[in-house]
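Asks: Here my numbering is used: the first residue of the sequence shown is 1, the next is one more, and so on.
Since the hints were derived computationally from the structure, they do not count as laboratory data.
Where a beta carbon is used, it is the ideal one built from N, C-alpha and C, also for glycine.
Take these hints with a grain of salt, some might be off.
Here are the computed distance ranges between Cβ atoms for each label pair [said to hold, decoys possible]:
no., residue 1, residue 2, range
1, Asp211, His146, 28 to 38 Å
2, His146, Asp66, 32 to 42 Å
3, Phe90, Glu59, 44 to 54 Å
4, Leu161, Trp130, 41 to 51 Å
5, Arg38, His106, 16 to 26 Å
6, Arg179, Phe90, 22 to 32 Å
7, Ala127, Phe90, 34 to 44 Å
8, Glu137, Glu230, 35 to 45 Å
9, Leu161, Ala214, 21 to 31 Å
10, Ala163, Glu59, 26 to 36 Å
11, Glu151, Ala214, 26 to 36 Å
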Amino acid sequence: MQSHLLSVPAQRGASEAVPAVRPVRFAGLRLVHAALRRDLQRIPTALRLLQPDDEASAEALQRHWDFLTAMLTCHHEQQDGRIWPMLRRFAPELRLLINWLEDDHHNLDHSFTRTTTLMRIGTRDPASAWPVAYAVEELAARLETHLRIEEEQVLPVMAQLLAPQSRVGTLGELLDLLRLADGPGAPDALAWLLEGVAPEQVDALLAECDDLTARQWPHWQAVYARCTEELWGAVPSGD
Numbered sequence: 001m002q003s004h005l006l007s008v009p010a011q012r013g014a015s016e017a018v019p020a021v022r023p024v025r026f027a028g029l030r031l032v033h034a035a036l037r038r039d040l041q042r043i044p045t046a047l048r049l050l051q052p053d054d055e056a057s058a059e060a061l062q063r064h065w066d067f068l069t070a071m072l073t074c075h076h077e078q079q080d081g082r083i084w085p086m087l088r089r090f091a092p093e094l095r096l097l098i099n100w101l102e103d104d105h106h107n108l109d110h111s112f113t114r115t116t117t118l119m120r121i122g123t124r125d126p127a128s129a130w131p132v133a134y135a136v137e138e139l140a141a142r143l144e145t146h147l148r149i150e151e152e153q154v155l156p157v158m159a160q161l162l163a164p165q166s167r168v169g170t171l172g173e174l175l176d177l178l179r180l181a182d183g184p185g186a187p188d189a190l191a192w193l194l195e196g197v198a199p200e201q202v203d204a205l206l207a208e209c210d211d212l213t214a215r216q217w218p219h220w221q222a223v224y225a226r227c228t229e230e231l232w233g234a235v236p237s238g239d
């Protein structure tokens, strides 16, 4: 994934020009991958820092884990229900790989379900949080293999099949799917996906969304920052 979707830029002087932003193909899919990696890296640290009397942080961490797993479920449903059938039809050379990825989605879902049970134990009893943190790290490594296969073997084929103006895999399509699904709300999802993204890239990505989403984005971002500050500290505002 392009680094400008992942990193917060350094402060620029008044005379420095804002770098040009190039469109990112399949930004919706790539942003989900980036956000999953980011959170699965910092959740183990948050677990290890839990104190016996820190109930508020423990509850916030459990809520965030539940949100993350709900986003993963929506991501898998988008691929299994919309993207994989298209690739089976128009890229038959990928059928065996797509079958494996779909099966692996089910395996990953089971792994996340098991880890959710462990998270509930770890957040209720900080004395057991360290082994839970190790379990999350093992799950992150397991997921990383899956994400890399999609990025290195599937997305390049999709780029050849689909016209640049296609909405498949875009941020706008993802938000539309979330509104139709029984899952996380678009405000929380958008703030989660765009956390840490460079401001100029955020502006370009919001251009893929409807006008109402673009107008409400600053409020959604501020609410998300307040809700997650007790977990990871202040979230970059993108200003």
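Asks: None of the hints should be skipped; say for each whether it holds.
Replies: Hint check results:
Here the CB-CB span from Asp211 to His146 is close to 35 Å, well matched to the stated 28 to 38 Å. Range check, His146 to Asp66: Cβ separation about 21 Å, and the 32 to 42 Å hint is violated. Range check, Phe90 to Glu59: Cβ separation about 46 Å, and the 44 to 54 Å hint holds. A beta carbon spacing of about 46 Å between Leu161 and Trp130 agrees with the range 41 to 51 Å that was offered as a hint.
Checking the proposed 16 to 26 Å range against Arg38 and His106 shows it holds: the Cβ atoms sit about 24 Å from each other. Against the hinted window of 22 to 32 Å, the Cβ-Cβ separation of Arg179 and Phe90 comes to about 27 Å, which satisfies the hint. A hinted range of 34 to 44 Å for the beta carbons of Ala127 and Phe90 is inconsistent with their spacing of about 53 Å. At roughly 22 Å, the beta carbons of Glu137 and Glu230 sit outside the given window of 35 to 45 Å.
Checking the proposed 21 to 31 Å range against Leu161 and Ala214 shows it holds: the Cβ atoms sit about 29 Å from each other. Taking 26 to 36 Å as the suggested C-beta distance range, the pair Ala163 and Glu59 does not conform, at roughly 46 Å. Distance hint check for Glu151 and Ala214: the Cβ-Cβ separation is about 27 Å, which falls inside the suggested range of 26 to 36 Å.
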